[in-house]
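Enquirer: Chain by chain, the residues:
2 protein chains.
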Amino acid sequence: MTTESRVRSPRRERTRERLLDAAFDVFAELGVQGASIEAVCEAAGFTRGAFYSNFASKEELFLALMDREKRRHLATLEQFAQRLDPAEVRSPEGIRTVLRSVLAAVGPHPDAERRWCVMSAEFELLALRDPSVAAGYLAEQRALKDELAATISRLLDALGLRFVVEPRTAVDLLLAAYAEASRAVLLGAPDDEGPNARIEQLVDVLLAPRQPAK
Amino acid sequence: MTTESRVRSPRRERTRERLLDAAFDVFAELGVQGASIEAVCEAAGFTRGAFYSNFASKEELFLALMDREKRRHLATLEQFAQRLDPAEVRSPEGIRTVLRSVLAAVGPHPDAERRWCVMSAEFELLALRDPSVAAGYLAEQRALKDELAATISRLLDALGLRFVVEPRTAVDLLLAAYAEASRAVLLGAPDDEGPNARIEQLVDVLLAPRQPAK
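One line per chain: the protein sequences are F and H, in this order. Quick note on numbering: full-length UniProt numbering labels position 46 of the first sequence as 46, and the sequence is numbered without any gaps. Quick note on numbering: full-length UniProt numbering labels position 44 of the second sequence as 44, and the sequence is numbered without any gaps.
A hint or two may mislead.
[As the list claims (entries may be wrong)] Which residues of chain F face chain H? A few of them, derived with a C-beta cut under 7 Å, are: (1) 118; (2) 122; (3) 127; (4) 164; (5) 165; (6) 169; (7) 172; (8) 173; (9) 176; (10) 177; (11) 180; (12) 186; (13) 187; (14) 188; (15) 198.
[Stated by the list, open to error] To list a few chain H residues with every Cβ distance to chain F over 12 Å, as calculated: (16) 21; (17) 79; (18) 84; (19) 151.
Hint data in this document are derived by calculation from the structure and do not stem from the laboratory. Since the structure is predicted, the reported quantities are computational estimates derived from the model, not experimental observations. By construction, the Cβ of each residue, glycine as well, lies at the ideal position given by its N, Cα and C atoms.
With the hints as constraints, model all of the structure from the sequences given.
Expert: Encoded structure:
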């Protein structure tokens, strides 16, 4: 998909983006399983032909949505990293302050994330039930985690920090905690149970200075 | 529900257990949403009257299933704890060995857990979509985590160990990692990505001797 994306014309890219925008709304309204390709085409104002010249199936469309969401989160993280000053993260308290800002930027948020969180949970369920969906889902998840691990490692390195476990393990644990925290917020867990506070504590135990203290 | 359970007669208890067993099979086959109360009654060999004298709704039935699964896992953990010798966990390597056995006993397992994992994911989705389901689901999840935190804290205490974060936070993080690992296994993640290995590493960073080393 990545190779293909490099050769897309601007017009084709716009068609694709409109189909993705429409899919997001239609999936949120009708559920991934309940939504038909026709409904997505209608909402986007395109024919089925335009759809199939971009996506082979509804599942491929959803994976492309996941890919787009991932790129947006990674871009937010990169922008954040560029504004960071290594001096800010010299102390554990400094790290926590920075982390709180990161979570405020990309963290679980009841309104903005609700629709995405619910449709992701549904797609994960479809993948758990159907091995032909599972393969693509797992590959997309793995690509996301690898990119995230690379981005965060580069960021930590610039800040003189490191994970005390493998970066890929740290990302797995952080994403699991993040997904759980997002769902808790959406289920209505009171703020004082602090889903974000738990991610902060996890980061706290996962991070260390690059040079172990003597 | 707990108060009520204390006064259940043995016959009523058997009816309830048979309804729960039947529900497990029917939910696994038809999905929680797709399963009707009639189908559960038929599989159990009971009338709707028997059902409604035990459960107010399909959602309450599922919450009772969650409660039963939780009690089974806690019982396994307790049995395990009773066989443990504090001398086994004096070193980080000893802790890891014990943890591996615990995970082998209660950890994500592709065959035994598949049906439960899939139906839990579906129920979580139903809760995310429906606030009236969310309240009960959240309460059940909270009760599970509180009990688990109490059980594990008692166990760690007997072993001269402690969590470096609040026990309830540790349990949240461990359960999130456990759910993620279970799903990865079911989605077909290869063994060398070691979902269990990640839980081990998480436990590694979360545990410390009760008296900090001097």
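Enquirer: Each hint: holds or not?
Expert: Do the hints match the structure? See the list:
Checking residue 118 of chain F against chain H: minimum C-beta separation of about 5 Å stays under 7 Å; hint holds. A distance limit of 7 Å between C-beta atoms decides the matter here; for residue 122 of chain F the minimum to chain H is near 6 Å, and the interface restraint holds. Contact between residue 127 of chain F and chain H, as hinted, is supported at the beta carbon level, the nearest pair being about 6 Å apart and thus within 7 Å. The beta carbon of residue 164 of chain F comes within 6 Å of a beta carbon in chain H, closer than 7 Å, and the hint placing it at the interface holds.
With its C-beta approaching chain H no nearer than about 5 Å, residue 165 of chain F sits inside the 7 Å limit, and its interface hint holds. Because the closest C-beta pair between residue 169 of chain F and chain H is about 5 Å apart, less than 7 Å, the hint holds. Against a cut-off of 7 Å between C-beta atoms, the interface hint on residue 172 of chain F holds, since the closest Cβ of chain H lies about 5 Å away. A distance limit of 7 Å between C-beta atoms decides the matter here; for residue 173 of chain F the minimum to chain H is near 6 Å, and the interface restraint holds.
Residue-level restraint check for residue 176 of chain F holds (minimum Cβ-Cβ distance to chain H is 4 Å; threshold 7 Å). Annotation: interface hint on residue 177 of chain F holds; nearest CB of chain H at approximately 5 Å, less than 7 Å. For residue 180 of chain F, the suggested interface contact is upheld, since its CB lies about 4 Å from the closest CB of chain H, less than 7 Å. Contact between residue 186 of chain F and chain H, as hinted, is supported at the beta carbon level, the nearest pair being about 6 Å apart and thus within 7 Å.
Hint status for residue 187 of chain F relative to chain H: holds, with the closest Cβ pair at about 5 Å, below 7 Å. The closest approach between the C-beta of residue 188 of chain F and any C-beta of chain H is roughly 6 Å, which is under the 7 Å cut-off, so the hint is satisfied. Hint status for residue 198 of chain F relative to chain H: holds, with the closest Cβ pair at about 5 Å, below 7 Å. Residue-level check passed: residue 21 of chain H sits 22 Å from the nearest beta carbon of chain F, beyond 12 Å.
At roughly 27 Å from the closest C-beta of chain F, the C-beta of residue 79 of chain H stays outside 12 Å, upholding its exclusion from the interface. The Cβ of residue 84 of chain H sits about 24 Å from the closest Cβ of chain F, beyond the 12 Å cut-off, so the non-interface label holds. In this structure residue 151 of chain H is separated from chain F by more than 12 Å, as the shortest Cβ-Cβ distance comes to about 19 Å.
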